[in-house]
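Participant: Next come the chains, spelled out residue by residue.
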Amino acid sequence: MSEKVNEKRRASIRLLVLTVAPRLAEKVSALMERAGAPVRMRLAGRGTASREMMDMLGLDSGEKTLLLTVLHKHAADALLVRLRRGLKLGTANSGVACTVALSGGSARLISLAQEMGSAQETGRKVMMEYGVSLVIAIVNQGFSEEVMAAARPAGATGGTVISGRRAGGEETLQLWGFGVQREREAVLILCRTEEKAAIMEAVRAACGLESEAKGVLLSLPVDSVAGLELG
Amino acid sequence: MTPKLREKTRESLCAVLPITLIVLAISVLIVPMELGPVALFLVGAAMLVVGMGLFQLGAEMAMTPLGEGVGAQLERTRSVVPVLLIAFAMGALITIAEPDLQVLSEQVPAIPNRVLIFSVAAGVGVFLALAVLRILKRWPLPQMLMALYGAMIVLSFLVPKSFLAVAFDAGGVTTGPITVPFIMALGVGLASGRSDRNAASDSFGLIALSSVGPVLAVMLLGCFFRPQDAQSGSASMQQVLTTRDVAQAFVSGLPQFAKEVMLSLLPIAAMFAAFQLLTHRYSRRQRLRVMIGFGYTCLGLVLFLCGVNVGFGPVGTLLGRSIAQEPTRWLLVPLGMLIGFFIVKAEPAIQVLNHQIQSVTNGAMSARAMNLCLSVGVCISVGLAMLRLILHIPIAAILIPGYLIALALSRLVPPLFVGIAFDSGGVASGPMTTAFLLPLSIGACETLGGHVMTEAFGVVALVALTPIVAVQLMGLLYQVRLEQRLRHARALVRPGMDVRDVIVELEEEAA
Chain L
24 MSEKVNEKRR ASIRLLVLTV APRLAEKVSA LMERAGAPVR MRLAGRGTAS REMMDMLGLD
84 SGEKTLLLTV LHKHAADALL VRLRRGLKLG TANSGVACTV ALSGGSARLI SLAQEMGSAQ
144 ETGRKVMMEY GVSLVIAIVN QGFSEEVMAA ARPAGATGGT VISGRRAGGE ETLQLWGFGV
204 QREREAVLIL CRTEEKAAIM EAVRAACGLE SEAKGVLLSL PVDSVAGLEL G
Chain E
133 MTPKLREKTR ESLCAVLPIT LIVLAISVLI VPMELGPVAL FLVGAAMLVV GMGLFQLGAE
193 MAMTPLGEGV GAQLERTRSV VPVLLIAFAM GALITIAEPD LQVLSEQVPA IPNRVLIFSV
253 AAGVGVFLAL AVLRILKRWP LPQMLMALYG AMIVLSFLVP KSFLAVAFDA GGVTTGPITV
313 PFIMALGVGL ASGRSDRNAA SDSFGLIALS SVGPVLAVML LGCFFRPQDA QSGSASMQQV
373 LTTRDVAQAF VSGLPQFAKE VMLSLLPIAA MFAAFQLLTH RYSRRQRLRV MIGFGYTCLG
433 LVLFLCGVNV GFGPVGTLLG RSIAQEPTRW LLVPLGMLIG FFIVKAEPAI QVLNHQIQSV
493 TNGAMSARAM NLCLSVGVCI SVGLAMLRLI LHIPIAAILI PGYLIALALS RLVPPLFVGI
553 AFDSGGVASG PMTTAFLLPL SIGACETLGG HVMTEAFGVV ALVALTPIVA VQLMGLLYQV
613 RLEQRLRHAR ALVRPGMDVR DVIVELEEEA A
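As they're listed, the protein sequences go chains L and E. At position 200 of the first sequence the residue is numbered 223 (our numbering), and the sequence of numbers has no breaks. At position 492 of the second sequence the residue is numbered 624 (our numbering), and the sequence of numbers has no breaks.
In case anyone wonders, no lab produced these hints; they're calculated from the structure. The beta carbon of each residue, even a glycine, is placed where N, CA and C say it ideally should be. Be a bit skeptical, because a hint or two may be false.
Here are a few chain E residues that face chain L, going by a calculated C-beta distance under 10 Å [to be verified]:
no., residue
1, Lys136
2, Gly190
3, Pro387
4, Tyr414
5, Glu637
What the simulated footprint calls covered on chain L by chain E, stretch by stretch (three residues with Cβ under 8 Å from a Cβ of chain E suffice, anywhere in the stretch; the number is not a length) [unchecked claim]:
no., region
6, 30 to 36
7, 207 to 216
Quick list of simulated restraints, FRET-style, between CB atoms [what the hints assert, rightly or not]:
no., chain 1, residue 1, chain 2, residue 2, range
8, L, Lys111, E, Leu174, 50 to 58 Å
9, E, Leu217, L, Arg105, 54 to 62 Å
10, E, Ala402, L, Gly127, 48 to 56 Å
11, E, Leu217, L, Arg189, 22 to 30 Å
12, E, Leu608, L, Glu56, 21 to 29 Å
13, L, Pro176, E, Asn245, 55 to 63 Å
14, E, Trp271, L, Ala190, 23 to 31 Å
15, E, Trp271, L, Glu56, 33 to 41 Å
16, L, Val104, E, Ala621, 23 to 31 Å
17, L, Arg188, E, Leu608, 30 to 38 Å
18, L, Leu243, E, Ala405, 40 to 48 Å
19, E, Leu409, L, Arg189, 18 to 26 Å
20, L, Ala53, E, Lys269, 37 to 45 Å
21, E, Glu640, L, Arg108, 23 to 31 Å
Only chain L is shown next, with the shape it has when bound in the complex:
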């Protein structure tokens, strides 16, 4: 083992996660470019349906694009404000963005984010009237709507689904118990922190490890959001 101790630095760096309709992705890229967001990663996801009937008829859940980037807090908050204006986040079906605090990273990435952030003024702070959490439910392929059906009565307003695949050998599958599929789906739900526990419990009861969905849950503290409509 190496003796080397990681470098410590005092800096507020944020991971910004933005979900928008794919047609807005170009506009977002331009906005982010201007904000100097150094690294952007793009993922394909889809929204969850708001009504069961519409979902069955295939008329609801549209495609979504997720964009991830790393920024200094000042730059991230300024970008959130600009995204909210530029994309009209918060109006129906536009999109939502949140930031999560990072606890570490590669020096080059952090330095780049710090450098860009120092150019920003601290003035534009995103005011948060309530605490927000990001709940992530990872379930077997095909159960994302079940997750939403359980989460909605507990206070969730919507979610984004990303398709993924279990990594790891067959042994791990055995460990989890029979029925964990290779293809998995991650459902991302933004909610008020006070409702987080209830939502997670409701999803666990319906789609937990004892159900067919074999879901595992986790939640992250969110720093700031734009475009979240919580009644």
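Could you slot chain E onto chain L? The hints should help.
Facilitator: Okay, now just chain E, sitting in the frame of chain L:
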């Protein structure tokens, strides 16, 4: 109106309206048409809009999850032989049921229908199995395409000239609107089990390889059968005078198209049933969605095929015949190019392909860029086809250099684009091409006194060829742009900045 519904409506309007307006403009400005065919055309266009929307929705809900599921399951199966057998059976069954193939077989009177259909189906089966094997064994696509298309070019010298056009058309025709979404999704599923850096590009290429099969099959048949002349493909036009005639034309067409579509959906629906019984992959909610999706696909395609065959076909023939007359003869080329530019968008499987590409490449290749690329490609191919009619150029003189250019480009372009390019060739030539462009060129050919079998045919093959070149050129452009971006990114790293590669642990700054 839900956003999804709005998106689909907008998409299908964008696909169908431009070509409708162009044809109307031509009919007003250049070739005055009687109101009867125009009425048919407008009703057909309306059916196209609705049918296209339903078809897209259905493909998304039924074909895509099913194809991806089957693909993922095949990838997991350890032994190769059953996988190949399943792939062969799937390819052959889907092809036998393809309505376009029935039409093609009737246009080639020299070969008994059954012989033609079964050998083309076997061709697709063998090559689909080969394509699946390629993804599993990770053989590089460009080399395989090189070998197979090379064989195709060599063989084309041995085949009677009159067979050549039909053989190449067969390749474009067999990958129809039902096959495409399913096979595309199958590729994504097959490659989804992998996370190596070639996974994305390996999910393409299935359509490309499956369309070689029929070309080779028909060419081989051509060596054994004596060519005969085809009976003229343009149907006799019935007189349409009243609104009742218009309704009658469509209503009498519906049962036939309904039968065709049902028949071609049958093997896929049966596959879904068998697959679900064996693997229990889909939850109750998904099963229901897939079934509703099949319903949409079926209804959408019936409307689409009926609209395009009854409404667009006769107008195509009329346009071809009248433009080809003496004073406006040379207008065939620019007008054909104009029509070609806007007609690809209305090809139902194209939108499915574009969506698939956009999601697999995570937006690196946008649906918009693909649309433009295909439009330019087909624009050129229709232009060439019309030029060929006027100047009586043999088809081989265009196809062979074209394929040589396409193969040469495949050495230069990133493999992802090679797969996409050769796939889009097969996809671009669908029912819109066979039902509108083919009658157009048959009509023009009759007026120009050409040989229908060798000259009017081949337009499908050209439509299948040019997108291959166009998309690969876009790939080259993409590479150049990527390098520019890299240079731009390097410029961001200022001198004196910390560029060591170490891990930093962060603490929040004081607020």
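Participant: When the hints from earlier in the document are held up against this structure, which numbers fail?
Facilitator: When the structure is compared with the hints, numbers 3, 7, 8 turn out to be violated.
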